[in-house]
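Protein chains: 2
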Amino acid sequence: MAVYTHVDPDDLAGLVTRYDIGTVVSCKGIAEGVENSNFLLETSGGRFILTLYEKRVQEGDLPFFVDLLDHLATRNCPVPAMIRDRDGVAIQRVAGRAACIIQFLPGISLTNPTPGQCEAAGASLGTMHRAAAHFAGGRENSMGRLHWRGVAEAAGDLDAVIPGLQAIVDDELAFFEANWPEALPAHVVHADLFPDNVLMLGETVTGLIDFYFAATDFRAYDVAVTHASWTFSADGTRCDADRAQALMRGYAREIALSDAEIAALPLLARGASLRFLLTRAHDWIHTPADALVTRKDPAPFLNRLLCYRAADAASLFATA
Amino acid sequence: MAVYTHVDPDDLAGLVTRYDIGTVVSCKGIAEGVENSNFLLETSGGRFILTLYEKRVQEGDLPFFVDLLDHLATRNCPVPAMIRDRDGVAIQRVAGRAACIIQFLPGISLTNPTPGQCEAAGASLGTMHRAAAHFAGGRENSMGRLHWRGVAEAAGDLDAVIPGLQAIVDDELAFFEANWPEALPAHVVHADLFPDNVLMLGETVTGLIDFYFAATDFRAYDVAVTHASWTFSADGTRCDADRAQALMRGYAREIALSDAEIAALPLLARGASLRFLLTRAHDWIHTPADALVTRKDPAPFLNRLLCYRAADAASLFATA
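Sequence order for the protein chains is A and B. Numbering-wise (this note's numbering), the first sequence opens with residue 1 and increments by one. Numbering-wise (this note's numbering), the second sequence opens with residue 1001 and increments by one.
Treat each hint with caution, since some may be false.
[As the list claims (entries may be wrong)] Here are some, though not all, of the chain B residues that point toward chain A, as calculated from beta-carbon distances under 7 Å: (1) L1040; (2) P1106; (3) T1111.
[What the hints assert, rightly or not] Distance windows between CB atoms, simulated: (4) B:G1137 to A:A160: 52 to 62 Å; (5) A:E140 to B:G1150: 57 to 67 Å; (6) B:G1156 to A:I285: 42 to 52 Å; (7) A:H134 to B:D1242: 54 to 64 Å; (8) A:I285 to B:A1314: 49 to 59 Å; (9) B:H1147 to A:T23: 36 to 46 Å; (10) A:K296 to B:S1233: 34 to 44 Å; (11) A:D67 to B:D1067: 48 to 58 Å.
Calculated from the structure, these hints are not laboratory results. Note that CB positions come from ideal geometry on N, CA and C, so glycine has one too.
Take these sequences, add in the hints, and give me the full structure.
Have a look at this one:
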């Protein structure tokens, strides 16, 4: 939630001139995206998102994201395509930063999805996976399993966040190093499909957005991330069976997971919970309490981890 | 620049149902307005701004703002009218806060206005004053001259912001207490018409916005605030004669200031500079340096004050 960079109106007009999208009518900074500057840009030709890439997104990764979104958009996934200028260029420079003009998608992000909305989200994830499986590009998951120990060490004193957390994290890291699956179906996945990153109107998914964590990983891990972020109470202590079954049912309409994948889901979701627990704990420690950026509480993802670690966790992934 | 309050999609849908504006298509928090939560709301009926009022705007003042904007909008001023629901109600409650759905206006805010744009802004200020002069309502200017000593005392150690500032401020406060004019034409004025608060397309003013400091004061003081905020270099050391003349020329097309008002302009602009110097110094002292809200440097308004205090300051208000 941030707009960091100011765009001079003359620079904006100059940028828009490169495109076949008319002239600027309005441009307002929006509180969206993790660490980019985003603007809702209206021109005489329509509405767009203007994104200026700040520190978190590596500029060298941008061509990967452009290609991925192009690939998905042309395969009926409701993802925001990056608009190309008259010379075919999608990645521009504005105010000293890499910048893209991106398709605007309608819809709003949910805070309390209904089972019907979870089913739609699951189906949309499956549709996206079917398309992504044929995407030629790849990107190392910099927030993937091999990096969790590094995130934990960079975070600092985990016990200062939640007493006892360090020992739990050490156990989990050792467990995953011994037990993480080796050979499940993998391709480029979203890896962060929280409700924030899905736009909906009623029970229709109108947008899958914010692909800046997209990377090569198990498709079942992406299901696990989505399960962890869509089906729990806010405090993470309780998985809502109706939501969870609906999510898995929606996904199953598009993709039939293998027995090995289904068996791995509790472990993968436990890993996904650790991933968000660690990054939130890191940010909790490194963000001043009085900064206006919202620090996200790590505890709800510890609670999810404990749910997924329980003996009966497989039942959370049933479709009925 | 802030969105403080989250609006639940169900609450939003419920709010919109009260109005004849269709159904929600999109709603994005925007980084606009000083201390309110603002959203760009798109419905099947059009685009709107949804504002939730946070601490700075007194809820009791809202009917005044609604009436003022109604008055101005019906008199050809490009101000954002507050939309009324089917029962004629403009002020609603959302997420525990007073909230209004407001007309969306096209245009962007300038950072480096040309003389032609300054002339248009001056003319638009004059048009607005002609309409405001007949507005029956009134509101004490809580940021007006009588409150500056209080702001200075609440700020704390002014010398910690700029060495020597305390003595300058003490002198200015004493000077204004002895010399502030008593009987110039007054009515409700904007009192904060910085370039941020004017939307333009080319040389056309498409919106005068953010009336939340509007209050009863000298119309010439409003001219002085606008002069101080539109015609100076960023560091406040130099008034651009072309911009200044254009601004005054535009205003003069609509309103012929009296000789007494013209004579008072340097003093009023010196006062306006003190007002923004003081509030910025206050916020500078009371905002943590690492907070993500941008602290505005007070120094450029001290520099303006010194310009307006110079012997030849009257020339800055010439129309040619």
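Hints, one by one, checked against the model:
1. L1040: Check passed: Cβ of B:L1040 comes within 6 Å of chain A, closer than 7 Å.
2. P1106: With a minimum Cβ separation of about 5 Å from chain A (threshold 7 Å), the hint on B:P1106 holds.
3. T1111: Since chain A brings a Cβ to about 5 Å from B:T1111, closer than 7 Å, the hint holds.
4. B:G1137 to A:A160: 52 to 62 Å: holds (54 Å)
5. A:E140 to B:G1150: 57 to 67 Å: holds (58 Å)
6. B:G1156 to A:I285: 42 to 52 Å: violated (31 Å)
7. A:H134 to B:D1242: 54 to 64 Å: holds (60 Å)
8. A:I285 to B:A1314: 49 to 59 Å: holds (58 Å)
9. B:H1147 to A:T23: 36 to 46 Å: holds (43 Å)
10. A:K296 to B:S1233: 34 to 44 Å: Between A:K296 and B:S1233, where Cβ atoms are some 42 Å apart, the hint holds.
11. A:D67 to B:D1067: 48 to 58 Å: Roughly 54 Å apart at Cβ, these two residues keep to the hinted range, so it holds.
The structure does not agree with numbered hint 6 stated previously, though it agrees with all others.
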